[in-house]
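Asker: Counting from 1, one number per residue, gives the positions in the sequence shown under the UniProt record's numbering.
Errors might be hidden in some of the hints.
Calculated lysine-lysine pairs in the PhoX-like style (CA-CA distance at most 20 Å, straight line) [stated by the list, open to error]: (1) Lys-51 with Lys-71; (2) Lys-71 with Lys-87; (3) Lys-58 with Lys-31; (4) Lys-31 with Lys-118; (5) Lys-58 with Lys-118.
If you are wondering where the hints come from, they were derived from the structure by calculation, not from laboratory data.
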Amino acid sequence: METEDFIVPEYEPIYVQPIEEIFEQEKNELKPRLIINRIVNVNFKSYAGTKILGPFHKYFTAIVGPNGSGKSNIIDAMLFVFGFRAKTIRSNKLTNLIHNSAEYPDLDFATVCINFQKIIDTG
Numbered sequence: 001m002e003t004e005d006f007i008v009p010e011y012e013p014i015y016v017q018p019i020e021e022i023f024e025q026e027k028n029e030l031k032p033r034l035i036i037n038r039i040v041n042v043n044f045k046s047y048a049g050t051k052i053l054g055p056f057h058k059y060f061t062a063i064v065g066p067n068g069s070g071k072s073n074i075i076d077a078m079l080f081v082f083g084f085r086a087k088t089i090r091s092n093k094l095t096n097l098i099h100n101s102a103e104y105p106d107l108d109f110a111t112v113c114i115n116f117q118k119i120i121d122t123g
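All chains should be built: construct the whole structure from the sequences, respecting the hints.
Answerer: Structure (structure tokens):
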């Protein structure tokens, strides 16, 4: 083999648009997007009865609270709705997702409903 076989061909430079330009373009375009507006849990994990979480802010929502208050169960509820396996939802089987406590020992179902809202940011 000759040395010429190993020469890398020359290419035209590729323009990579700076992120600031991309954000500026997107800011000027009115595009619709979906946000989670609220989550309705019924007998799901630590939530006995119907618990409505939301409405959530269109830009930022934080889930805060003391240890053991059910923060992770909110994420588990979303994973449940989106069809993740029980092990991903920190449970060995789906029946463990039904609330069970001394106060509510005989519940036989759990549901989670996620409400979306279509919004258009106007700036």
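Asker: State the violated hints by number, sorted upward, taking the hints as numbered earlier in the document.
Answerer: none
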